[in-house]
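Visitor: Each chain is listed here by its residues.
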Amino acid sequence: MLDFLDINFLTGRVMPYLDRGLVMSLQLIIPAALIGGFIGVVMGVMRVFGTPWMRRGTDAVVAVIRGVPLTVQLMVLYFGLPSVPGLKIYLSPYAAALIGFIVCTASYQSEYVRGALLSIRQGQIRAAQALGMTRWQTILSVVVPQAVRRALPGCGNEIIYLVKYSSLAYIVTCIELTGEAKVLVSRTFRPTEVYLVAACYYLVMVSAATYLLAKLEKKLAIPGFGTQK
Amino acid sequence: MNAPQNDTPILRAEHFSKYLTGRKILDDCSISMRPGDVKVLIGPSGAGKSTFLQCINCLLEPDEGEIWLGERRVDFKNTRELYDLRQHVGMIFQDFKLFDHLSAENNVALALRKVRGLSKAEALKRAHEELARVGLEDKAKLYPAQLSGGQKQRVAIARALAMDPTILLLDEPTSALDPELVGEVLTVIRDLAARGMPMIMVTHQMEFARAVATEILFMEAGHVIEQGSPEELLAPGAQTRTQDFCTRLYELCGETPVEEG
Numbered sequence: 020m021l022d023f024l025d026i027n028f029l030t031g032r033v034m035p036y037l038d039r040g041l042v043m044s045l046q047l048i049i050p051a052a053l054i055g056g057f058i059g060v061v062m063g064v065m066r067v068f069g070t071p072w073m074r075r076g077t078d079a080v081v082a083v084i085r086g087v088p089l090t091v092q093l094m095v096l097y098f099g100l101p102s103v104p105g106l107k108i109y110l111s112p113y114a115a116a117l118i119g120f121i122v123c124t125a126s127y128q129s130e131y132v133r134g135a136l137l138s139i140r141q142g143q144i145r146a147a148q149a150l151g152m153t154r155w156q157t158i159l160s161v162v163v164p165q166a167v168r169r170a171l172p173g174c175g176n177e178i179i180y181l182v183k184y185s186s187l188a189y190i191v192t193c194i195e196l197t198g199e200a201k202v203l204v205s206r207t208f209r210p211t212e213v214y215l216v217a218a219c220y221y222l223v224m225v226s227a228a229t230y231l232l233a234k235l236e237k238k239l240a241i242p243g244f245g246t247q248k
Numbered sequence: 006m007n008a009p010q011n012d013t014p015i016l017r018a019e020h021f022s023k024y025l026t027g028r029k030i031l032d033d034c035s036i037s038m039r040p041g042d043v044k045v046l047i048g049p050s051g052a053g054k055s056t057f058l059q060c061i062n063c064l065l066e067p068d069e070g071e072i073w074l075g076e077r078r079v080d081f082k083n084t085r086e087l088y089d090l091r092q093h094v095g096m097i098f099q100d101f102k103l104f105d106h107l108s109a110e111n112n113v114a115l116a117l118r119k120v121r122g123l124s125k126a127e128a129l130k131r132a133h134e135e136l137a138r139v140g141l142e143d144k145a146k147l148y149p150a151q152l153s154g155g156q157k158q159r160v161a162i163a164r165a166l167a168m169d170p171t172i173l174l175l176d177e178p179t180s181a182l183d184p185e186l187v188g189e190v191l192t193v194i195r196d197l198a199a200r201g202m203p204m205i206m207v208t209h210q211m212e213f214a215r216a217v218a219t220e221i222l223f224m225e226a227g228h229v230i231e232q233g234s235p236e237e238l239l240a241p242g243a244q245t246r247t248q249d250f251c252t253r254l255y256e257l258c259g260e261t262p263v264e265e266g
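Residue numbers (the working numbering), protein chains in the order written: chain A, 20 to 248; chain B, 6 to 266.
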């Protein structure tokens with residue numbers, strides 16, 4: 020019997036395997052966070068300032084996405100879409116997972132953004148109008164820059180969640196960190212060590228994300244917004 | 006701005022009526038501005054002064070009435086004409102309404118860039134000129150949270166003036182300020198009046214109103230009840246509602262507000 024927590028096993032076997040998974044995880048997380056974050060802001064703006072139809076449409080999307088487990092959404096995207104008559108959309112495992120994550124994170128982000136948009140005082144909108152600015156100029160250059168700063172802590176939280184729910188990608192056979200770990204466990208029967216290392220990888224990713232978000236918050240800090248002076 | 010003939014009104018607001026939540030807040034109010042006019046709206050709270058003011062640049066759309074810019078009637082259902090009207094009519098609010106995320110210079114520069122289409126450098130140059138005019142050139146980089154109330158209001162004035170308005174509306178510009186900060190804002194407004202900037206101002210600073218106003222409009226319950234020069238309305242023994250109101254204001258406040266310079 021090999022030693023428990025054998026360094027050679029960890030560095031020689033587990034880490035190369037999981038490194039590969041880590042790369043796939045990052046390929047899911049980074050685009051999902053960036054694209055999803057951007058779409059989230061757009062959806063948030065539409066939900067607050069859009070025409071009645073825009074609002075209804077985006078509210079409905081958010082209601083569905085927030086109301087259905089992500090696991091089920093991913094299964095629908097990957098296993099469900101090919102059997103829709105007349106549609107027959109075949110997504111690669113990576114595409115299915117990425118689309119699922121983007122839509123999911125955008126919906127949650129839009130909720131944080133919506134709250135922040137509503138918190139911007141109406142007075143400033145009136146002041147912009149009084150200067151002759153149009154509605155969309157006002158929204159884009161007065162309301163959104165402030166709302167983004169207000170929403171940042173919540174949006175950062177959502178990114179942290181995203182890092183962790185990216186582990187669901189393996190159920191649509193997109194083998195990322197958790198997927199690789201599972202495969203390795205089934206070959207080595209050493210779940211404790213493998214999952215321990217995987218857990219450490221996630222912890223490192225979340226710590227890195229936290230660090231970057233704190234830096235971003237600091238960079239965007241303005242007197243009167245946030246806690247830093 | 007091409008200066009109209011001295012006897013042509015530069016702006017007329019005619020027969021304004023406005024309903025809010027089913028109540029008639031404003032009932033057939035008119036005002037006409039000629040170059041150099043400084044008109045002061047006074048009256049008890051709830052008289053419709055602020056509503057009247059906000060109807061003039063259509064922040065509140067009047068339910069009835071017409072706005073004339075010089076010889077041209079403004080169709081405020083037309084968004085282009087509406088935005089154009091608002092560029093001609095600057096507005097100063099009681100609570101400043103600065104853009105919280107922008108430094109003083111960018112508060113002034115934003116509309117220059119977005120509405121006037123100036124480049125960033127041009128807009129900032131103009132912003133610095135305007136801030137210098139209100140005595141804040143050294144505060145250009147500071148954010149609203151770092152400014153005092155009086156400084157904020159002066160930035161707001163610079164922001165409005167940068168758009169080269171034909172006329173300026175001031176909605177109780179000093180009533181949110183600590184007493185010791187009132188003077189600096191009044192000085193700026195007095196300078197504007199001296200340079201001939203047409204202004205309509207809602208205020209409770211009666212001494213100031215008396216000093217700068219060419220006309221006082223006394224409003225009550227949505228109507229303009231009295232209208233005339235301060236000399237007429239506030240003459241000893243004039244027996245006007247305006248005078249009565251001012252006397253009561255003095256009694257309430259004790260002394261007249263501090264006047265400087």
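If you are wondering where the hints come from, they were derived from the structure by calculation, not from laboratory data.
One thing to keep in mind: the hints can contain errors.
Claimed, not checked - Computed Cβ-Cβ distance ranges for the label pairs, DEER-style:
#1 A:Ser138 <-> B:Arg77: 38 to 46 Å
#2 A:Tyr230 <-> B:Tyr24: 38 to 46 Å
#3 A:Asn176 <-> B:Leu254: 37 to 45 Å
#4 A:Gly243 <-> B:Glu237: 25 to 33 Å
#5 A:Lys237 <-> B:Asp68: 45 to 53 Å
#6 A:Gly243 <-> B:Ser234: 23 to 31 Å
#7 B:Arg78 <-> A:Arg140: 32 to 40 Å
#8 B:Tyr24 <-> A:Arg140: 48 to 56 Å
#9 A:Tyr180 <-> B:Ser22: 19 to 27 Å
Said to hold, decoys possible - Once the Cα atoms are required to be at most 27 Å apart in a straight line, the calculated DSSO-like pairs of lysine-lysine come out as:
#10 A:Lys107 <-> A:Lys183
#11 B:Lys144 <-> B:Lys125
#12 A:Lys234 <-> B:Lys130
#13 B:Lys82 <-> A:Lys238
#14 B:Lys130 <-> B:Lys119
#15 A:Lys201 <-> A:Lys183
#16 B:Lys119 <-> B:Lys146
#17 A:Lys234 <-> A:Lys201
#18 B:Lys125 <-> A:Lys238
#19 A:Lys107 <-> B:Lys130
#20 B:Lys144 <-> B:Lys119
#21 A:Lys237 <-> B:Lys125
#22 A:Lys237 <-> B:Lys82
#23 B:Lys144 <-> A:Lys201
#24 A:Lys201 <-> B:Lys119
#25 A:Lys238 <-> B:Lys144
#26 B:Lys82 <-> B:Lys125
Claimed, not checked - Negatives, chain A to chain B, calculated, CB over 10 Å:
#27 Gln46
#28 Phe68
#29 Met94
#30 Lys107
#31 Met152
#32 Ser160
#33 Val161
#34 Glu212
#35 Val225
#36 Glu236
#37 Ile241
#38 Pro242
#39 Gly243
Model, not experiment: these values are computed from the prediction.
Every residue, glycine too, gets a C-beta built ideally from N, C-alpha and C.
Visitor: Tell me, in ascending order, the numbers of any earlier hints that this structure violates.
Guide: Those not satisfied are hints 2, 3, 4, 6, 8, 9, 10, 12, 13, 17, 19, 22, 23, 24, 26, 31, 32, 33, 37, 38 and 39.
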